[in-house]
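K.L.:
Starting from the given sequences, assemble the full structure and let the hints guide the process.
So the protein sequences, as listed, match chains A and B. Taking numbering that gives the first Met the number 0, I'd label the letters of the first sequence as residues 0 to 427. Taking numbering that gives the first Met the number 0, I'd label the letters of the second sequence as residues 0 to 427.
Errors might be hidden in some of the hints.
Repeated chains share a single entry, so a pair holds when one copy, or any two copies, can fit it.
As the list claims (entries may be wrong) - Using 30 angstroms as the maximum straight-line C-alpha spacing, the simulated DSS-like pairs for lysine-lysine come out as follows:
(1) K216 / K109
(2) K426 / K225
(3) K426 / K251
(4) K424 / K251
(5) K423 / K251
(6) K240 / K70
(7) K7 / K53
(8) K225 / K423
(9) K423 / K166
(10) K183 / K49
(11) K273 / K70
(12) K188 / K176
(13) K251 / K147
(14) K424 / K53
Hints in this document: simulated from the structure, not taken from any laboratory.
The chain contents come next:
2 protein chains.
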Amino acid sequence: MGKHFGRKPKCLLPILGLSLIERLLHIFQENGINEVIIVTGYQSELIQQKIASKQIPGINIIYIKNEDWEKGNESSLEAALTEIDRDEYFLLVMSDHLYDPHLIKEAVEKVQQKQLIIFYDDSVARNELEGALKITVDTAGKIFDIGKQLDSNLVDCGIMILKGDIKELCENSKDMKELSELVKFYSIKHSITACKVGSSYWQDIDTYENVHSARNKILRSLITQKEGFISRNFNRHISLKLTSYIASFNIKPNSISFISFLISVLSGALFFYKNPLWAGIAAQLSSIIDGVDGEIARVKFLSSRYGGYFDSILDRYGDVSIITGMAFYSLSAERYEAVLIIAVMAMVGSFMSMISKEKFHSEYGAPYLQRMYDGWTQYLPSSRDGRLFIIFLGGVFNQVFPALVILALLTNFQALYRLMYTVKKIKV
Amino acid sequence: MGKHFGRKPKCLLPILGLSLIERLLHIFQENGINEVIIVTGYQSELIQQKIASKQIPGINIIYIKNEDWEKGNESSLEAALTEIDRDEYFLLVMSDHLYDPHLIKEAVEKVQQKQLIIFYDDSVARNELEGALKITVDTAGKIFDIGKQLDSNLVDCGIMILKGDIKELCENSKDMKELSELVKFYSIKHSITACKVGSSYWQDIDTYENVHSARNKILRSLITQKEGFISRNFNRHISLKLTSYIASFNIKPNSISFISFLISVLSGALFFYKNPLWAGIAAQLSSIIDGVDGEIARVKFLSSRYGGYFDSILDRYGDVSIITGMAFYSLSAERYEAVLIIAVMAMVGSFMSMISKEKFHSEYGAPYLQRMYDGWTQYLPSSRDGRLFIIFLGGVFNQVFPALVILALLTNFQALYRLMYTVKKIKV
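P.N.:
The following block contains the structure:
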């Protein structure tokens, strides 16, 4: 269900490279939904054709054209109900809304628990309350009233769980135009639970400001608590801008991983050819772009296990290239024995940073949780974002060998600390 | 149940550092058995005291002293049956036999399926058949007769599954001395399935030759199909000898891992001090001892996830030490740029050999099966046993730099082959 923007149906509006409806179908697929009914009205052939051109395996789509779409969205639900059994619970969403995948996940679980639910948001800004569809709730947490005129700050998010027997009311509601009226009528006899969306995001798309806001909500959701300090507080600001620019092009995440790798090879070459400033900048750029592949993969639902593997192996070779370049650069000023030892240690430490986590994973059958296990050493810049930042500083301030020494000490200390202390005491 | 060797009960006979009964209790623990009844006769206090001194958590042991032990083993079962309910199925084993853990595992599964079973072996040598307790089987695969005089090559392995209601027969069997007579009597009314031990080993310990044979059976079981060619066909022959010697001492597997690491550091130092012959030998020795920690852990039931982690991390640092030593050795004859590049590549490749498998494991949630995935490249000596063998040859024939070059090419080829070909096509 949705309206349109200019000449194009809103559900086909691309946000970060995916139309709203395509994004919804991907989220459905991830959550194991395999039956979807799409009710179209305005430009229904175009919508059907656009969706068919993207292949989302495992989802069976039934298209229903609602000839009366201009009468209001009640008629669209009525059209869909012809395909839904009386005792079936179903999830109703708006094709012109953006939904957090976590919200859909929660809703799918509640469909399986056979609960009647309307999701609401109590954090909508005061100035946006007017014109929004609102609800009021009784003391038992059930829906009491629904309407645009209500004096309430609980805004309907356009995602609800209903039951097929609502079709019985359609007969008596020939004069109803709005879905909300039908649901309100249904809620008199069937108690519907009001459920707060919590920390999940959602967005009704009516204006270009809404589109902008939707983009930002998706991008912000890409920053995770798991990543390193430099990545979270510095790299992400730039990589998210790149991602928001690149998303509309047809560039694969693995291609971006490869570009990041090439830039780290370039960084190594620049160190080799005695240009530490640009070498350091290239190293940091590679680090930033190393975040973009994963962002694009998540934004466009292109994540794959091979992608994770490919990125990880190329990152290792990228590190090697940069450290080798730094070693050659250092040879002009330092004894080659010292350079060889320190370069080897820095390289080994870079690998150990990964191995000490991966080996834990395969041996203990659970991922290594740095924030939980590493104690104070979690603040050391020994993960890849931190290491490349040290290299960046070493290059920019022309302190290449000291940067290598810091890397060598830091990373090996971290690995040995894990070996002798952290992992030893872990009981999984 | 068991007899004695000289002055010591046979169940306390140490084989590879563990007494027969201790080994049995460890196997029981691994298979989730938590109730064990031990019937003692000869020197029962000594047995009880020895077992109590080893702590095997999660197993509740009931000791029953059979005062009539000299009358025959029927009386021992009778004593145990006082603690077993009429409708309970139980596993009966001999404390003076050695059993393959796989055999106990199979038996435990069949106890849960409530099957009456006697395990037999049809591969006992002709000259050992005389004096052994044998069975004959009817056309339905059920026990037909049991006895030492039978003309049969199906030898009873001393491991059977019975039911508590066998105690009802004990009343009528005051003149029976042997367990086998009681079981034969029981099998008339209750059909007992004869089950072949298959590829599992077992050993009745009566003579010193039996002890020797038991040791060999345990040691042979340590060679797995998963390991590399050099390890399986060369290293294991020596490491098993070391293990069989070391097992009787109280040396922890992690100490052995550390010794192996120290020897690889020694190898690196010997390369550094221009002694490639002994450096190569030390590298190979380290490789052999690297197998002993795991063997000791499995033989003495000391395996731990931390042990696997510890060994793996130390191995990486051991590799680094040897390759760094080889690099310094090569500096006298080669240009330092070439040495630095090749040493870095050899080091990176050594790490990649592990990372390309571990990352697969964490990304795909299943171990990387070299024999299944690697195609013809599984025959490349790129795993640790092969790499250290190349280093051994390089040292012994004083071809240190060529050995480094081979390592560099081989290991990185393997990693890139996995990245671009093997892993790409895997669908787990």
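K.L.:
Hints first: check each against the structure and report whether it holds.
P.N.:
Structure-based check of each hint:
no. : hint        : in the structure
1   : K216 / K109 : within (24 angstroms within a copy, 57 angstroms between copies)
2   : K426 / K225 : both (21 angstroms within a copy, 28 angstroms between copies)
3   : K426 / K251 : between (40 angstroms within a copy, 20 angstroms between copies)
4   : K424 / K251 : between (42 angstroms within a copy, 18 angstroms between copies)
5   : K423 / K251 : between (41 angstroms within a copy, 15 angstroms between copies)
6   : K240 / K70  : neither (41 angstroms within a copy, 88 angstroms between copies)
7   : K7 / K53    : within (18 angstroms within a copy, 77 angstroms between copies)
8   : K225 / K423 : both (22 angstroms within a copy, 27 angstroms between copies)
9   : K423 / K166 : neither (62 angstroms within a copy, 50 angstroms between copies)
10  : K183 / K49  : neither (34 angstroms within a copy, 77 angstroms between copies)
11  : K273 / K70  : neither (71 angstroms within a copy, 91 angstroms between copies)
12  : K188 / K176 : within (20 angstroms within a copy, 80 angstroms between copies)
13  : K251 / K147 : neither (44 angstroms within a copy, 74 angstroms between copies)
14  : K424 / K53  : between (50 angstroms within a copy, 23 angstroms between copies)
Checked against the numbered hints given earlier, this structure breaks hints 6, 9, 10, 11, 13; the rest are met.
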